[in-house]
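There are 2 protein chains.
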Amino acid sequence: MTDPHVLDLSTDVVSLTERLCNIESVSHNERAIADAVEAALRPLGHLTVTRHGNTVVARTELGRDERVVIAGHLDTVPVNSNLPVRREDGILHGLGTCDMKAGDAVILKLAADLTDPNRDLTFILYDCEEIESHHNGLFKLAMSDPELMRADFAILMEPSDAIVEAGCQGSLQCDVRAAGERAHSARSWKGVNAIHKAGEILNRLATYDARTPVIDGLEYHEGLNAVGISGGVATNVLPDECVVSVNYRFAPDRTEAEAEVFVRDFFDGFEVTITDNSPGAHPGLSRPAAKEFIEAVGGEVKPKFGWTDVARFTVLDVPAVNFGPGDPMFAHKQDEHVAIEHIERCERQLRTWLGLDKPDHREGS
Amino acid sequence: MTDPHVLDLSTDVVSLTERLCNIESVSHNERAIADAVEAALRPLGHLTVTRHGNTVVARTELGRDERVVIAGHLDTVPVNSNLPVRREDGILHGLGTCDMKAGDAVILKLAADLTDPNRDLTFILYDCEEIESHHNGLFKLAMSDPELMRADFAILMEPSDAIVEAGCQGSLQCDVRAAGERAHSARSWKGVNAIHKAGEILNRLATYDARTPVIDGLEYHEGLNAVGISGGVATNVLPDECVVSVNYRFAPDRTEAEAEVFVRDFFDGFEVTITDNSPGAHPGLSRPAAKEFIEAVGGEVKPKFGWTDVARFTVLDVPAVNFGPGDPMFAHKQDEHVAIEHIERCERQLRTWLGLDKPDHREGS
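Residue numbers (the numbering used here), protein chains in the order written: chain R, 1 to 365; chain B, 1 to 365.
Careful: at least some of the hints might be erroneous.
Copies of one chain are not kept apart here, so a pair can be met inside one copy or by any two copies together.
What the hints assert, rightly or not - Here are the computed lysine to any residue pairs in the SDA-like style, where the Cα-Cα straight-line distance is at most 20 Å:
id, residue 1, residue 2
1, K333, E130
2, K140, D120
3, K190, G180
These are computed hints drawn from the structure, not numbers from a lab.
Between the sequences and the hints, there should be enough to build the whole structure, so can you do that?
Shown next, in the form of structure tokens:
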């Protein structure tokens, strides 16, 4: 097959990863890859395929007792001299290999091969994950067609070193403002230096003692950090404003409202403006579907510290985990890469769990 | 006379101020006003006029025992809906009225009228005072023709409320850098937050105790201030750098080198980069020319806290003071203005001191 935009789902998962990576799909430029994905899935008789912008949803409708969502985003961060991808010594190098076209390739292989799975399946391949939340295809789908996201369990195939990362921490962003009074810097005693006053904000941050609550057996680790600071008018002017941009990562036992109360209390005496607030996701490991999945993939589970789209399932009361090939430390890096063994292992474990292969059968179809 | 660019030096000092203001001369656009000044001074037989870029120098060569420089800059800050000027209830409103075409008008009146002064006089009207120092016409003149600035005493007619402001404080600018280590803000314990570390820089600034040395009977007042702060990479990244921009105003009993030693010691443990360092000016009030001048204008003297071009005379060992019409608090303001009484008083006092009128004669020519 010579058209690079036609996907052959009968090929192996690693070749399919390469093919997906080489369809450049930086955020807002996912039309070609979404077209290719849709074209590959539409002919499959066991799937009902719908298209929502550049998001593609494919579902089985077999009347099984449980339904599982398996999802991945199709976009990448900008190209950084790291396309096309290359395979070398068991490693696939290049943009999208880790975050997250290896995961997408696993999803497409499962969608093609699992014609008679033991659970009903919903595959979601969506756009605009790497940019502002309001563009996010999964966010839009939750607004327009939430019934397509309903399930007993959801797996987001973001890179997680091929082990299960459960739940995620919430993320609140706020501006903390110290106010002063301008004066000429040569007569500074006539004003109030707002940057000096902001020292108190930084002092409080430096003494912050992080909560590490244990939830479903997983220890989360909160964080409260200045991620930006700005102030100053000119070198001869005493500044009348200094704004510290603060990021609060909160464990999933706290709601967004509780997180807001915490930061307002923490910075008492300063003006606090909340600029963004995304809820965490409870790991939900006590749910039957989650328990069985974790056993099937080896039992190892870690808490997820960063915010991910799993939280979009949590608000729909769907327990969700991250489970995908690739070391997340290499996501967004110029030297992004993925171990081929990760891709093959994730595919194998999911096939087994979903009833295609026997547990001890090590090779795929 | 209808050509707005022709200056009639026989008119009164207030009308001449208006005329000068209405020749727009924002920094780097002083050619027209310098041409007008040069054209007005060249015909005067008692003056030797030279032109240096857009700086005009006019000197008497009468062999007097003393020589006095009287100087003013021709440029203004940018126009801010405040031209042309208007006269109302004893006040002249508009761009340049205060900073410092009222002073320039006094200089031009003195240059025209003082055909036989009791001291030799050097009038300097220069460009580019309101912008970066290396463009400054007086700075350039000190480099190219320092002999034209030599004198026993210098008066800079910057706005000073029509009283004498002696000397000036030095100004050192530096960047103080806190360093850290990047990490994802969701796993902040893996990095070092540079903004949090900068809290110590702000703490030291907040506890700074200003020196107030008395020099020649004048109490100076130092200042050490953050005038800018910046740090931050992205809301999901722990910042690895925070830079505090610090301004140190130092009394004229400290040299530039001593000022640098002070800030390096004060911020010990942090990387300090000196970005600018301008020496102060000793008031020099014990010099005979300075003493007589101060007596002639009423005896009141204040220390100058801000840096001014008087320091350019100090490095040539010429004692220098600021003395000019206008409240400096209105310089660079949209509502810039000057009291007509200030302009007339400054002109009168200088005429008297330079021997044109008797001390008690209250009216000018």
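Going through the hints against the structure:
1. When the C-alpha separation of K333 and E130 is checked against a cutoff of 20 Å, the pair qualifies only within one copy, where the shortest distance is 13 Å, while the shortest distance between copies is 46 Å.
2. In this assembly of identical chains, the alpha carbons of K140 and D120 never lie at most 20 Å apart, being 23 Å within a copy and 82 Å across copies at closest.
3. For the homomeric pair K190 and G180, the shortest alpha-carbon distance inside one copy (11 Å) is at most 20 Å, but the shortest distance between copies (34 Å) is not.
In this structure, the one hint that does not hold is number 2.
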